[in-house]
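Colleague: Chains A and B, in that order, are what the protein sequence lines are. Residue numbers for the first sequence follow the UniProt record's numbering, so the first one is 1 and each next one is one higher. Residue numbers for the second sequence follow the UniProt record's numbering, so the first one is 1 and each next one is one higher.
It is worth saying that the hints were derived from the structure and are not from the lab. Some hints here could point you the wrong way.
What the hints assert, rightly or not - If you want the footprint, here are the derived chain A segments under chain B, 3+ residues with CB under 8 Å:
| id | segment |
| --- | --- |
| 1 | 87 to 100 |
| 2 | 105 to 111 |
| 3 | 121 to 129 |
| 4 | 179 to 186 |
| 5 | 212 to 224 |
| 6 | 256 to 265 |
| 7 | 336 to 350 |
Unchecked claim - Interface residues of chain B toward chain A, partial, derived using beta-carbon atoms under 10 Å:
| id | residue |
| --- | --- |
| 8 | Y72 |
| 9 | G88 |
| 10 | V92 |
| 11 | L107 |
| 12 | H112 |
| 13 | N118 |
| 14 | E136 |
| 15 | M147 |
To be verified - Which bits of chain A does chain B cover? Going by a derived footprint, with three or more residues having C-beta under 8 Å, they are:
| id | segment |
| --- | --- |
| 16 | 58 to 70 |
| 17 | 306 to 318 |
| 18 | 497 to 505 |
Backbone N, C-alpha and C fix where the C-beta goes; we use that ideal spot for every residue, glycine too.
The lines below spell out each chain.
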Amino acid sequence: MSDVVEKTLSALPSLLSLDSQAGAGKLSPSSKLGNLIKGITELTSKHEEEKLIKKELESIKEQVASPNTTMRQMKEIMVRAIYCEMLGYQASFSYIHAIKLAQQGSVLEKRVGYLAVSLFLNETDEFLLLLVNTVLKDLQSTNLIEVCMALTVVSQMFPKDMIPAILPVVEEKLTHPKEIIRRKAVLALYKFYLIAPNQVQHIHSKFRKALCDKDPGVMTASLHIYLQLIKENPESYKDLTGSMVTILRQVVGGKLPLDFNYHSVPAPWLQIQLLRILAYLGKEDQGTSEMMYDVLEESLRRAEMNHNITYAILFECVKTIYTVHPKSQLLEKAAECIGNFVLSPKINLKYLGLKALTYVVQQDANLALPHQMTIIECLDHSDVIIKRETLELLFRITNAQNVTVIVEKMLEFLRLTCDDYSTIDLVGKVAELTMNSVFSLGGDVMQPDIPNNFLRLLAEGVDNVEDRQLRLFAVDSYVSLLQGVTAKLPQRFLQVISWVLGEYSYLREEESDPGSVMRLLARLLDQRHTSTETRSWVLGAMTKLCSSPVSVALARDVCERYLSSLYSGSLNTVLRQKAQELMILSQDTKLRARVLPAEGRLESLEVDSSLSFLDGYVSEALAAGAAPYKSPHQRQEDLVQEKALSLEPYGLSLPVSLSSCSITDRLTDRRSPTLLSMSSGLSGNSTELSHQEGSTTLKLEGVKRVWGKDGYLAQQQSAGETPTPLVELPNPLLSPQSPPSQTQKPSSGLEPDQEKRQLASSLFVGLGSHNSVCLVRLPSTVWLFIKHCQSANQSHVFKALFKRFYINSCQSISCISGSPLKEVKGHSVSVCLHTVVMKRASVQVELAGLLSYQRPLGQPQAAQFSLSLSLKHFLRPLTVSTGDYGKMWLSFSHDLKQNLRLVTTEHQEPLTATLDALKGKLHLHVVDIIGSEGIVACRLLQGPGQGQPCLLHCRVNADSLAVWLRSPVPELPDSLLYHCQKALTET
Amino acid sequence: MIKAILIFNNHGKPRLSKFYEHYSEDTEQQIIRETFHLVSKRDENVCNFLEGGMLIGGSENKLIYRHYATLYFVFCVDSSESELGILGLIQVFVETLDKCFENVCELDLIFHVDKVHNILAEMVMGGMVLETNMNEIITQVDAQNKMEKSEAGIAGAPARAVSAVKNMNLPEMPRNINIGDISIKVPNLPSFK
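Excised from the complex, chain B in its bound form (with noise of 0.2 Å):
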């Protein structure tokens, strides 16, 4: 079963976090902290795999991440589930965002935490795999975009604003200043090593 899921930045920066266990308030926000603490001493190089946070359940459990340009997307999950097929979920997960916001980066997911919520949700369902094929997500996600549109009008729009953004400063994006939480960068989705 997957306990949880969560995606923080190169800083530590939470973008997403989804438990499918309960946790105390303060108890996930020291595991986001001790996750991102584990996984980001870790060297490019190594492997996916990570035993044993201490807070999310000691030696039951493993972290399995993966390192996408600034974000980190990790799955905490029990011994029940497969290393290399939660590996090959992240992946179907990213490319699925990437196919929903048209190149994916760090602030879509910050200003759309609700969608990328309910792309979540057809996946991953109260912990357990729902879904692994990227169109049947995509089709579920679609249906309800459809009806949001119908219903707000124009609301297309905040998505086509992001985007603008995106593609016109995009290439100008400063890194010395610190903007760390808006430092776009598309994340290049590299098949796996």
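Extracted from the complex, chain A is given alone in its bound form (with noise of 0.2 Å):
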């Protein structure tokens, strides 16, 4: 065999300069092709590649530059600098060379010339000045193979200030009796256009020309153009609609030559870039969409599911009819074809499916639901685009109750990839769920864990691009959130923002003004909604933003308020020395450039815990008589000591909310101008500070790790502690006893199947039905939860949505606080939250009310909605002391006495076993059990940090229970009685 190799081999360069022998008589350029490609693929190395190529460079050069070599060797020789220059070897000294053979060689010999030029060069290089005679030259050719040439050449590449030059030429061309010349005319005008819009804004009419043609294949190429132009600007084509249509039916129809068949299907290119020119003038436009119904449902009819380039007209058809004004009809026949899609066994497909639908879902999340279970198994997909692809798709449906399960998904994929641009996308995406939906929603009840920990992903990255992004990422977002009402924000969150702002906001100064960011947090602070803590988390971030001008100006404005008489007396002495540092950095430009450097950024500062540097300073203090430094655990035994007076209220406010501030731990420290400013010894008592800074930064230990540099390192356990406010809704796809982070993961016992519908059922949680209203259950408070999801065709018009909005309650229920409509981005979903308490304590109520909304251009509309709320969704448990209990039973007048039924299982005793299903049901407060008698407390909501209580005193009596109830208000007894009595006989 591998004599035959060798015989091929050796016979290759033989074969090859066959034509040499009847050329110059010398050895055949071609063969010396030959010769450098064999002896390639002998090597085995890179190294040895590289020692060839350089030989064989060092020959062309040779060849180049001597002066027998002619235009024909020429051809040759260029030839090989092109295979090298292919290979990533640079060949620059023949790109002279290429030159003057497009300007001197014979028609073949030039067409290399260009060749080797639009491969070589590119149109910022100063060599093609040298070429711009030789175009015009064979733009004015009589030769159409030369003026294609150069057509081809000036669209690759052409120097934008040489336009002018051979701009009247090209235009000439297209009116040549040619139709290939007046093609590729077309084409170099709309690259002219891309590169220099102005020079061309006088041929528009021309292009107009071009779409008239007789010939479809100019018209084809000035679709192109026109593609273009509508995309930038579509009101001004829209009387190109007619035409548009008018092209489109005619080629759906067959009308154009046979020769545009492609897989007997007509011109399906030229189909593709009308239906996109027609999604383009259709977009929110009715009366211009209305004019293509019936050219789309045609070309929809007509493309039939047989060859792959259907597909593509199909696809694109869909995509045009969900961008246009909507006609349902069309809408149902195009939902229907995006199932075939989804559903078809045709990796590709199915991948355009997912896009397809990814692409809808974003105006009507409902279509997803046929296809829960397709997309299940997309998530399990070998094939990792499919995967992502799906995930793409769940990000445009979550909303905030299958944001853990969605959110889990997302990890899930990010811990198995290891490609960076699917770790970037996904990052970002993980962020924006976790950062946006689940902080503003539930942020006040989540544990401390989990800012910290998202603020110490965030931070953690080493300074690269990805980093950076993520950083500007949230930068942006927030501020965009800072810029709307923030009077819902939970403070953690606002804290959060806070610190991300004054670390991070540098990283958008180029595009914005300095003060913006600034400005923001200043209205923050004003607001009164804004407690006490975050307030100083937003000075902090000023602190460290006051580097410019007119950020220094607007921290000075707002210090002078803050320290002004008016705040002074209800100041916590936290904020205030917070302020106060802020005002003397704002005054003094050195200080603020020691503090502050522009550079240091990014440099871990070290922190010197021992506090040395202050060793002069005390020195001096003890020297002029100071009282030496006792630790605040000495002084207080020192006090009992001396039953001196109590300074404890003193010493308990700065460690408490010291402690508080520095909740990022770490990372604070690591460059906190705070710390810097009290090392300093700006504040007063420097000394004391410190050390509690030295305290804090330990609290690091305690803090499990959560998020890495490559997202949430959810571990078995940390999924219970995902955020998941949302635990219990009545909704009918989640039953209320398993919360999301559960669904997902299902005991092995159950069928496959079933885990991939449980799992369905938590992903497309609340994609059911167009207004979903349920209600919320938080520890202090419930809410009722509103939910509008339109299927609409642009997200836009949702901003107008819920005008006016009202809930009629009956006479025992109240809503106290309504929240402005919030539009959940992206998602076609409108979502408002309103606290609801129940004033009068009934069995049950029904709640009914209307939502109104409207459209930018529409009639007003309304739903109905009702839902039934019972007692038991407004007890909590009220935990108390027997003491306490006690005292509060003998003020209390009202009261109700009644036999219940027992509970009785194997394992505990009957009175708590039924103590413990009415716990469990009822949510009610076991405060002791002696005996066989149990006192048992709760309290209905009212109100955030209002509310009625019951006591109930059980004895067991023979086999029953007696229960004698006791409350303030006359009506709580009866009712919560007859939820007991249900509660016990159900179970």
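Reassemble the complex: the two chains are provided individually, in unrelated frames, and hints are given to aid placement.
Modeller: Okay, here's the thing in structure tokens:
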């Protein structure tokens, strides 16, 4: 066998040099190419290849420089140079010769010359100027091939400044008798339009002529231009809709010559192009859209599912139908078509189906519902691209109820993937979902770990592009959040926002004025709902930001107001200290330069925990007669011994507020200017503060590491810790007993199919109906969660949704606060939260209401909803001691006695079992169990921090439970007793 | 718009690279390597689309590729191109090459880089699809070839020579010897899945 190869290889050059014998009689250049290739293929290492190519380049160099080399030989040499360049070796010495070949060669040599030029050079190369005259000459040549070559090279790359020189000649070609020339001229002009739009403005009318050209090829070429023009400015080209529709109708109807058919589909690429143009034209324009419904329907009908290229048309058609003003009949057909794509066994079509679905669920999330099972299957598909597209789809249908499961899925994918691109993309999405939906919905009830760890994730990364992007992304999304209404954002979220803005706002400085972030923060300070703790975070962020003159002025302004008498009375010590620091910082430029070095942001600071730099100060103070420092512990002891005035309240206030300030543990400390200013002795009590600082740094150890560089490092047990504030949702798809985090890991006993179905139900929860109303129970409040999904066409239609919103409340229920409408970005969903309380206790009440909303151009619409609320929803455990219970018992006047059924189980005492059942079902608090008696307490929610208590005294009496209820309100014992009875009979 | 058209073999050796947007030479080579890396690790039974090579512009762009025998044909395009449309275009390109070279193989692409470029130039011009009709493309290429023949007389010889080599040795072409670059195999042109 190897003999044969050897023979072949040795025969190769001689075979190849056949033509050279007829030629110059020298060694054939093409045999040299043969030799080169043969040489390269015999090599085993990259190093050898390098050596060989170097040698080859040397010989090329020698030959091109030789005056004896003919143009003909030059042509062959260029091909070899092209080959070397393609392998990545520079042959820059040959560039000038390529130009020469294009200038002087005969047609064929010229062609190679042009080719080499277009491969070697780019539009910024100065060499190209040498070519302008040649191009001009060739454009005017009578040889069609020369004209074509010139047009091709012009559209590949041409210096912008030189366009005017050749523009008239190219323009002239629009009327050339040969259609191929006209086509190429159109594309060359399109290229000019892309590079320098102003220079071709005057020939727009000629583009129209090209569109009406009798040759369909020229017309097709002109569509490139129109697609671009219409994309940029659809309004100016609405008059073309009719023509485009007519063209498409003719194409679809098979009016073009058969030459244009591809696999018996008439001009498929042309159809795709036209459909795209129609999509741009019909977007948000009912009138224009109506013109195209017929032809869209026809092309949907004509494109039978039989070949790849028809699928391409169908896909485009579906996209257009969903982009233009909706028509229900068409939408139905398009949805069916998407279904076919998604269900197709052909993987390319499945991918496109998912992509189409991703596109359309932004308008109507319900479209995903019929494909739940397929989507679940795609999540486990062997092809990562399919998986990623599925996650993208899930990302679009994320809502408050399924966010946990979807984020889990994304993180799962992240752990498996190692490709940079998907990581960046997904981390961004995970961050967006967690940061924004979770934080804003349940920020105050989640564990403090979570924001901490999120901040750590942001700060920890090495300073590479990905991390910068993620940070910038966070900054941008927070800035836009702050620009909106901040009243509803949880305090903890505001704190996170302040920290992030303080640390990373500099990333966006180039694009916005430095004061804007500062102003947003200042606004936050002025708002009444902002808590003291949050304010201190905000001040900290402002301290970090005050580097530019604008920000300094703003900061000074804020501080002045803060430190003025108006606030000072109520101001907390930490706040005042921070404001003071900021004030000093804003007044002293030098200090600012030292404390906030512009380049030093990313260096980590060494913290001198022994505070040795203060030694001088301390010794001076001691010499001046100051008392030596004693630790708080020591001081306490001293105090006890001396029985002097108790300083306890002062001692307490600092540690508490400070430790909460440094909630970000190490991160803030690392580059916190607060620390710097403390250490530099700015604040009066620096010793003590710095001491505190030392102790807060240690807090790090207890913090569980949940966020890592690559994202969320969720372990088995941490899944339960992901914030799931919305635990009990009376939603048909999700049973109240199984919170999302559990459904996702079903017990092993379940059939896989069932698992999938369960996963499906938790992923698609909340997409079931157009309007969904449900209750969300939180420890301190009950929310009425109203969601409105709208299958309209464009997402910004929703901005005006819910123009008016009200709830017809019946007498015993009232809604104390309604949040302004919030639109969940990209989901076509509006949500609003109302806090609901039960003013008068009753067993069950109906809540009915009317949602009214209006589209920008449409009639107001209304949807009714009703919801049945039970007393159970508003009961919360009341934690009291037995002593307090006794006092309360005596003071309550309304009582009720009744015998109830005892619950009997094998393992427990009847009394314990019964009380446990009540505790589980009605959220009562079992205060104490003494012998055969038990005392239980609960309260009825009536607003934040308010509520009416109800106490139960239970005694086992033979085989029944004698219950005695007491409460300050008359109705409560009665209704509660009803629920107790019901709960026990159900057990 | 089409940003780049790349052809490389199973070992990642470039056989044709055409960029319609300007990148530095180093970046071009990196793009070829990265694209090969992305494409070569994909199984045969997965979809023909890929998103996001970092170098060629991230999420804005996509790679649409097709694997024929020893060669990968990869088109890097932006979001304005139709995936299946480009897939069809690759098929047209390969069929055209097959017609022009009579059973095209990797060797044809090596020895006739210039011709392949010329064929491509009739299909795609400055990143825009110019012609999708195979017969039309061949007509244009033939018109130029005719001129070549009349000008160079016996210039048809190299093509004959190569095809002679091809025909002579194809069946015996051993696989176990390291001549990766000339491992000729006529690409079968399966109709699309």
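Colleague: Now look at each hint and say whether the structure bears it out.
Modeller: Results for each hint:
no., hint, result
1, 87 to 100, "holds (count 3)"
2, 105 to 111, "holds (count 4)"
3, 121 to 129, "holds (count 3)"
4, 179 to 186, "holds (count 3)"
5, 212 to 224, "holds (count 3)"
6, 256 to 265, "holds (count 3)"
7, 336 to 350, "holds (count 4)"
8, Y72, "violated (15 Å)"
9, G88, "holds (5 Å)"
10, V92, "holds (8 Å)"
11, L107, "holds (9 Å)"
12, H112, "holds (9 Å)"
13, N118, "holds (7 Å)"
14, E136, "holds (7 Å)"
15, M147, "holds (6 Å)"
16, 58 to 70, "violated (count 0)"
17, 306 to 318, "holds (count 7)"
18, 497 to 505, "violated (count 0)"
Violation of the numbered hints given earlier is confined to hints 8, 16 and 18; the remaining hints are satisfied by the structure.
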